[in-house]
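**Q** Okay, here's what each chain looks like letter by letter:
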Amino acid sequence: MQWTSWSAFWDMGGAGPFVWGSYAVTAVLVALELFFVLRRRKETVRRLSRLRRVVPSAIEPGGAVKERIE
Amino acid sequence: MMNGTETETEDGTKRSRSLLRFAAPQVFYPIAGRLAPWFAWLAAGLCVAGLWIGFFVAPTDFQQGEVYRVIFIHVPAAWMSMFIYLIMAFWAAVGLVMNTRLSFMMAQALAPTGAMFCFVSLWTGALWGRPTWGTYWVWDARLTSQLLLLFLYLGFIALTQAIEDSRRSDRAGAIIALVGAVNVPIIYFSVQWWNTLHQGASVSLTRAPSMASTMLVGMLLMALAAWAYTFAVSFWRVRSLILERERHTEWVAAELDEQEARA
Amino acid sequence: MLEAQELACLKGDRLLFRGLSMSLDVSGMLRVAGPNGVGKTSLLRILCGLTMPEYGMVRWHGEDIRRDRERYHRALLYLGHAPALNDLLTPLENLRFACASGGEDPGAEACRAALVRIGLGGQLDLPARVLSQGQRRRVGLARLFLSAARPCWILDEPFTALDVAAVADLTATLEAHCEAGGTVILTTHQDAPFTRAPRVLDLSGVAC
Amino acid sequence: MLEAQELACLKGDRLLFRGLSMSLDVSGMLRVAGPNGVGKTSLLRILCGLTMPEYGMVRWHGEDIRRDRERYHRALLYLGHAPALNDLLTPLENLRFACASGGEDPGAEACRAALVRIGLGGQLDLPARVLSQGQRRRVGLARLFLSAARPCWILDEPFTALDVAAVADLTATLEAHCEAGGTVILTTHQDAPFTRAPRVLDLSGVAC
Amino acid sequence: MLGPFLAVLQRDLTLAWRGRADVLVTLAFFVIVVCLFPFGVGAETNQLRAIAPGVLWVAALLSTLLSLHRLFAQDHADGTLEQLLLSPEPTALWVLAKVLAHWIVTGLPLVIAAPGLALLFDVEQGALGVLVLSLALGSPILALLGAVGAALTLGLRSGGVLLALLVLPLFVPVLIFGAGAVDSHLGGTGATAHLLLLGGGLLGAIAMTPFACAAALRIAME
Amino acid sequence: MLGPFLAVLQRDLTLAWRGRADVLVTLAFFVIVVCLFPFGVGAETNQLRAIAPGVLWVAALLSTLLSLHRLFAQDHADGTLEQLLLSPEPTALWVLAKVLAHWIVTGLPLVIAAPGLALLFDVEQGALGVLVLSLALGSPILALLGAVGAALTLGLRSGGVLLALLVLPLFVPVLIFGAGAVDSHLGGTGATAHLLLLGGGLLGAIAMTPFACAAALRIAME
Ligand code: HEM
Ligand SMILES: Nc1ncnc2c1ncn2[C@@H]1O[C@H](COP(=O)(O)OP(=O)(O)OP(=O)(O)O)[C@@H](O)[C@H]1O
Ligand SMILES: Nc1ncnc2c1ncn2[C@@H]1O[C@H](COP(=O)(O)OP(=O)(O)OP(=O)(O)O)[C@@H](O)[C@H]1O
Ligand SMILES: [Mg+2]
Ligand SMILES: [Mg+2]
Chain X
2 MQWTSWSAFW
12 DMGGAGPFVW
22 GSYAVTAVLV
32 ALELFFVLRR
42 RKETVRRLSR
52 LRRVVPSAIE
62 PGGAVKERIE
Chain H
81 MMNGTETETE
91 DGTKRSRSLL
101 RFAAPQVFYP
111 IAGRLAPWFA
121 WLAAGLCVAG
131 LWIGFFVAPT
141 DFQQGEVYRV
151 IFIHVPAAWM
161 SMFIYLIMAF
171 WAAVGLVMNT
181 RLSFMMAQAL
191 APTGAMFCFV
201 SLWTGALWGR
211 PTWGTYWVWD
221 ARLTSQLLLL
231 FLYLGFIALT
241 QAIEDSRRSD
251 RAGAIIALVG
261 AVNVPIIYFS
271 VQWWNTLHQG
281 ASVSLTRAPS
291 MASTMLVGML
301 LMALAAWAYT
311 FAVSFWRVRS
321 LILERERHTE
331 WVAAELDEQE
341 ARA
Chain F
11 MLEAQELACL
21 KGDRLLFRGL
31 SMSLDVSGML
41 RVAGPNGVGK
51 TSLLRILCGL
61 TMPEYGMVRW
71 HGEDIRRDRE
81 RYHRALLYLG
91 HAPALNDLLT
101 PLENLRFACA
111 SGGEDPGAEA
121 CRAALVRIGL
131 GGQLDLPARV
141 LSQGQRRRVG
151 LARLFLSAAR
161 PCWILDEPFT
171 ALDVAAVADL
181 TATLEAHCEA
191 GGTVILTTHQ
201 DAPFTRAPRV
211 LDLSGVAC
Chain S
11 MLEAQELACL
21 KGDRLLFRGL
31 SMSLDVSGML
41 RVAGPNGVGK
51 TSLLRILCGL
61 TMPEYGMVRW
71 HGEDIRRDRE
81 RYHRALLYLG
91 HAPALNDLLT
101 PLENLRFACA
111 SGGEDPGAEA
121 CRAALVRIGL
131 GGQLDLPARV
141 LSQGQRRRVG
151 LARLFLSAAR
161 PCWILDEPFT
171 ALDVAAVADL
181 TATLEAHCEA
191 GGTVILTTHQ
201 DAPFTRAPRV
211 LDLSGVAC
Chain E
16 MLGPFLAVLQ
26 RDLTLAWRGR
36 ADVLVTLAFF
46 VIVVCLFPFG
56 VGAETNQLRA
66 IAPGVLWVAA
76 LLSTLLSLHR
86 LFAQDHADGT
96 LEQLLLSPEP
106 TALWVLAKVL
116 AHWIVTGLPL
126 VIAAPGLALL
136 FDVEQGALGV
146 LVLSLALGSP
156 ILALLGAVGA
166 ALTLGLRSGG
176 VLLALLVLPL
186 FVPVLIFGAG
196 AVDSHLGGTG
206 ATAHLLLLGG
216 GLLGAIAMTP
226 FACAAALRIA
236 ME
Chain A
16 MLGPFLAVLQ
26 RDLTLAWRGR
36 ADVLVTLAFF
46 VIVVCLFPFG
56 VGAETNQLRA
66 IAPGVLWVAA
76 LLSTLLSLHR
86 LFAQDHADGT
96 LEQLLLSPEP
106 TALWVLAKVL
116 AHWIVTGLPL
126 VIAAPGLALL
136 FDVEQGALGV
146 LVLSLALGSP
156 ILALLGAVGA
166 ALTLGLRSGG
176 VLLALLVLPL
186 FVPVLIFGAG
196 AVDSHLGGTG
206 ATAHLLLLGG
216 GLLGAIAMTP
226 FACAAALRIA
236 ME
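So the sequence lines, in the order shown, correspond to chains X, H, F, S, E and A. Throughout the first sequence, residue numbering follows the numbering used here, covering 2 to 71 in sequence. Throughout the second sequence, residue numbering follows the numbering used here, covering 81 to 343 in sequence. Throughout the third sequence, residue numbering follows the numbering used here, covering 11 to 218 in sequence. Throughout the fourth sequence, residue numbering follows the numbering used here, covering 11 to 218 in sequence. Throughout the fifth sequence, residue numbering follows the numbering used here, covering 16 to 237 in sequence. Throughout the sixth sequence, residue numbering follows the numbering used here, covering 16 to 237 in sequence.
Since the hints were derived computationally from the structure, they do not count as laboratory data. Hints are all accurate, no fakes.
Here are some, though not all, of the chain S residues that point toward chain F, as calculated from beta-carbon distances under 8 Å:
no.	residue
1	Thr170
2	Leu172
3	Val174
4	His199
Using N, Cα and C, we set each Cβ at its ideal position, and we do this for glycine too.
Given these sequences and hints, build the entire structure.
**A** Next comes the structure, spelled out in structure tokens:
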């Protein structure tokens with residue numbers, strides 16, 4: 002074990018703000034990205050479902066636009 | 081002489097070339113959905129292990145003290161940001177050559193994550209530089225080219241966001257990704273040369289002479305975690321993209337029905 | 011000659027039409043009709059190869075136009091909503107450039123004659139910027155007099171902004187082209203004095 | 011009410027017309043006619059106060075419009091060749107802004123109703139950029155339904171790009187405005203189904 | 016009276032929000048121009064620190080300049096300007112609204128980003144406040160003066176560059192006082208005099224330029 | 016085959032000649048940006064001399080950038096581009112003609128004016144040749160790379176600034192070698208290596224960018 006106490010751990014040999022600043026910002030960014038990605042998926046599903054109700058011709062089982070041949 | 085009639089769907093023309101099977105968004109969509117959570121959990125596990133080693137096993141650096149512990153995110157993030165750009169350019173090229181829509185979507189799904197890692201490496205590097213070099217920033221070759229890489233990412237994202245028509249934004253983005261990729265090595269070497277021709281910055285990257293093996297293990301674990309995280313996030317993102325692009329097909333309709341039934 | 015197979019056009023969330031097939035084997039005039047926003051312009055741009063259809067294919071003499079772009083574009087004259095006029099150049103310069111960019115060079119005299127013919131004899135040396143709305147349209151249309159060799163004309167609202175005399179004149183020109191074996195595809199909301207009513211493709215029937 | 015005295019219009023080296031006087035004392039419709047390039051648009055812009063005539067004066071209720079600009083512009087609605095549409099805004103936002111910039115605020119509901127009335131019910135939330143040519147014109151024309159209170163309408167080629175149904179509808183609207191005591195000055199090269207033929211000011215007679 | 020003012024302000028901000036990338040992108044331009052300098056002049060920290068306030072101010076000025084021609088261009092092309100000029104309300108009022116919206120979208124982000132960039136050049140932290148203040152006072156002056164130029168060059172072919180030529184001489188005093196404020200703070204003289212002059216300039220510009228701009232617009236539409 | 020190439024070249028040069036002010040005005044922008052620097056960073060001769068090559072190159076780069084968005088914008092708006100894309104001849108060919116005309120109009124004047132400005136900064140006379148050569152080789156690269164960006168951002172709202180964001184990172188190597196050539200000449204190392212690299216870059220850019228640009232234009236017209 003490297004640390005004698007928690008306060009030593011948080012202090013990081015005097016470089017606390019720098020080390021924890023790095024980790025905190027990274028954590029926040031990762032959390033934000035996850036949040037936006039998951040929310041985007043929910044919104045997409047909701048939007049498309051609503052769209053299908055409003056403009057039924059847009060998606061029409063049985064006569065849908067076929068995929069372009071790739 | 082003309083007939084404006086509608087035609088029925090013929091299922092006979094469906095994909096015959098098996099090589100491109102996975103390139104069909106319809107096929108990839110459920111696969112991505114199934115794999116993403118696994119990668120996410122893998123990333124979390126690797127991250128916990130890496131951080132444990134990084135903070136509680138790896139010894140204090142005899143030169144830098146504790147500050148060096150930034151390395152466990154700094155280096156994986158820097159690596160990841162460079163890899164992701166290469167992968168992005170690869171997908172862009174595949175898309176332009178083979179005209180597979182999924183490739184474009186992959187490229188666009190990767191970009192925000194790449195930009196995020198790029199920013200993280202800059203941010204952590206800057207915070208690391210302050211106590212070790214006494215300044216947040218020097219115009220060192222590696223730092224500078226990382227900054228330019230961030231601009232390349234931002235340009236790609238801004239361009240694809242600014243174009244609403246998805247077909248246009250796919251291809252336009254692919255072109256700028258490729259042009260950027262051709263330039264990345266040029267930028268890298270020119271920046272290096274530029275910096276050595278002038279009197280160099282008064283400080284330069286000094287790495288711990290012999291990295292303790294525990295440090296290395298921690299770093300590698302974190303790098304693997306970053307890989308797994310990238311997979312998870314880009315799979316999730318590409319699923320949204322697929323749904324949007326393919327919203328006029330039958331299978332998306334069925335998928336939406338399923339989602340609604342579940343909700 | 012010109013053949014469209016199973017065209018589908020998707021704009022944003024709206025499917026304008028799908029399963030639209032047609033073929034123009036003989037010379038003659040086709041009027042694409044339908045109310046505002048039904049997709050006439052979109053169809054013409056697909057037929058020209060300026061837009062890719064969401065599904066389907068356009069063929070010229072049996073060959074996909076994406077595959078053999080050059081041959082098709084050598085046979086095609088498209089005049090769209092925008093008059094392709096540079097405001098600083100004179101009508102004459104604009105016309106000459108338009109021809110050259112299409113790969114032709116009819117020479118200054120022929121261009122001048124075409125402009126005089128279409129009623130811009132007094133505006134040959136003005137910058138296009140100061141022309142009236144109808145005069146601007148005419149500069150673009152003057153290309154018709156120099157492109158008799160191109161069999162396929164696709165014109166989007168050619169009568170817009172023209173006065174009555176010009177509409178009659180243009181109608182006669184189009185009919186002459188068809189008589190000489192050419193094809194004309196056009197859209198218009200106006201009545202033009204055609205001697206023989208053109209065939210009509212009514213998009214409102216096909217639209218989704 | 012609206013009176014023009016001895017107007018002369020000079021464009022570059024060309025005198026389009028001079029000594030043009032007219033007065034519209036009663037309500038009714040005036041159609042400014044003439045072939046392309048005769049000076050119709052130029053005249054309308056002078057009447058609006060957007061261009062200064064080379065000579066002469068325009069009066070509104072006896073007052074020079076240069077002198078009492080505000081009062082005149084409160085009574086005037088001008089729709090020119092350009093549709094005054096921002097490509098990023100939706101038709102609704104464009105219309106609301108157009109009204110607000112004219113010093114009115116009819117409210118979102120009235121604007122929405124006007125757009126639905128003119129046939130854009132399905133396009134309320136699209137950016138104007140993707141609208142078809144005719145739909146763009148309609149957004150501008152929707153202002154007519156909100157500006158019944160303005161007595162003087164000056165419209166430059168209002169029928170351009172509209173389909174047949176919309177032309178008929180617009181004609182009816184214009185006639186209703188005249189019946190309610192308003193004035194309409196317009197130019198057009200198209201035939202519109204007016205029930206009573208409007209008065210005509212033929213510029214080809216006045217042109218130099 | 017405030018109708019068109021608010022309508023214009025709201026519309027322009029909506030437009031900016033709709034083309035959201037725009038705000039970020041003006042900012043990115045500022046950042047990039049600043050970052051170009053080290054490549055041009057070399058990476059010696061001392062030299063960079065010495066030219067930093069000047070470079071930041073010049074970059075802010077150029078970003079403002081680059082975005083200026085968009086101030087009226089769109090509205091001119093699509094006929095909106097014609098309609099606004101037919102509005103019965105005073106022209107200067109909505110002109111002011113347009114400039115204000117423009118500054119919020121393009122100027123404010125620069126003010127906010129400047130201190131971060133200054134750190135890249137290793138500028139002393141105490142001077143950052145002065146830098147921000149000088150930009151906050153100076154950049155609206157640039158926008159107001161630039162609006163007159165934008166109105167004068169409206170619809171001209173070489174608009175963008177002619178505009179630059181017209182307004183750059185007007186920008187020079189702002190640049191001198193702006194960069195001077197930071198320099199004299201660093202030199203120990205104190206920046207108060209410079210900042211007061213910038214403030215006064217701002218008030219003067221607000222009072223006068225909208226009218227000049229309105230007149231120029233009327234002429235441009237002839 | 017050369018028909019559209021010559022037609023486009025001739026037309027664009029005619030247009031430039033007709034809007035003559037344009038040529039002068041790009042140049043004027045270059046001159047003004049260079050002259051702004053002394054106002055921004057202070058007037059010490061030694062410092063100015065040290066940063067002169069960098070400033071000149073950055074200014075050339077910014078002027079190029081500022082004029083880039085006009086490369087296709089006008090033709091896009093009035094429908095000419097549509098017609099050119101319907102031309103049966105290869106697209107890359109007339110794209111090259113457009114870029115060439117653009118460079119003749121906006122790049123060449125900078126190359127010619129640069130030595131004069133360098134003298135204002137008291138740059139040693141022996142280095143002027145290297146400066147001119149580096150600009151003559153470098154500025155066409157900027158125009159070619161910029162054309163790709165201009166084609167990609169065609170018709171987008173935030174076009175001008177987005178363009179800047181896209182191409183500036185690509186411009187950096189050119190800037191480094193361009194300014195580096197002069198610096199290393201002044202430093203006694205000799206500029207040959209830099210100039211060779213620039214020349215190689217130019218050839219590569221001529222060979223590749225017209226195709227990227229043509230593809231981008233086709234995409235933009237969709
Ligand atoms: C903003 C500042 C910084 C940036 C943008 C930056 C960027 C990078 C990049 C791109 C890499 C990966 C390069 C490669 O593997 O070839 C890297 C690796 C590394 N950086 Fe940084 N860095 C910064 C500051 C620092 C500081 C202050 C230190 C420590 C004093 C540091 C230490 C390291 C170490 C030890 C590596 C791993 C080297 C290797 O594996 O070859 N960095 N950095
Ligand atoms: N992104 C989008 N979302 C929804 N609808 C769209 C979108 N883009 C275009 N549209 C619609 O597609 C249609 C385009 O029609 P097009 O321009 O082909 O019409 P047109 O038949 O030529 O009409 P006009 O007679 O007015 O010229 C319009 O109705 C427009 O509203
Ligand atoms: N600088 C100039 N020199 C010579 N003639 C000019 C100049 N500027 C404009 N003109 C002419 O003035 C006329 C302007 O006409 P205006 O736009 O008013 O016509 P219009 O009657 O509205 O025509 P249209 O029916 O085509 O809309 C045009 O004939 C144009 O050629
Ligand atoms: Mg149409
Ligand atoms: Mg007219």
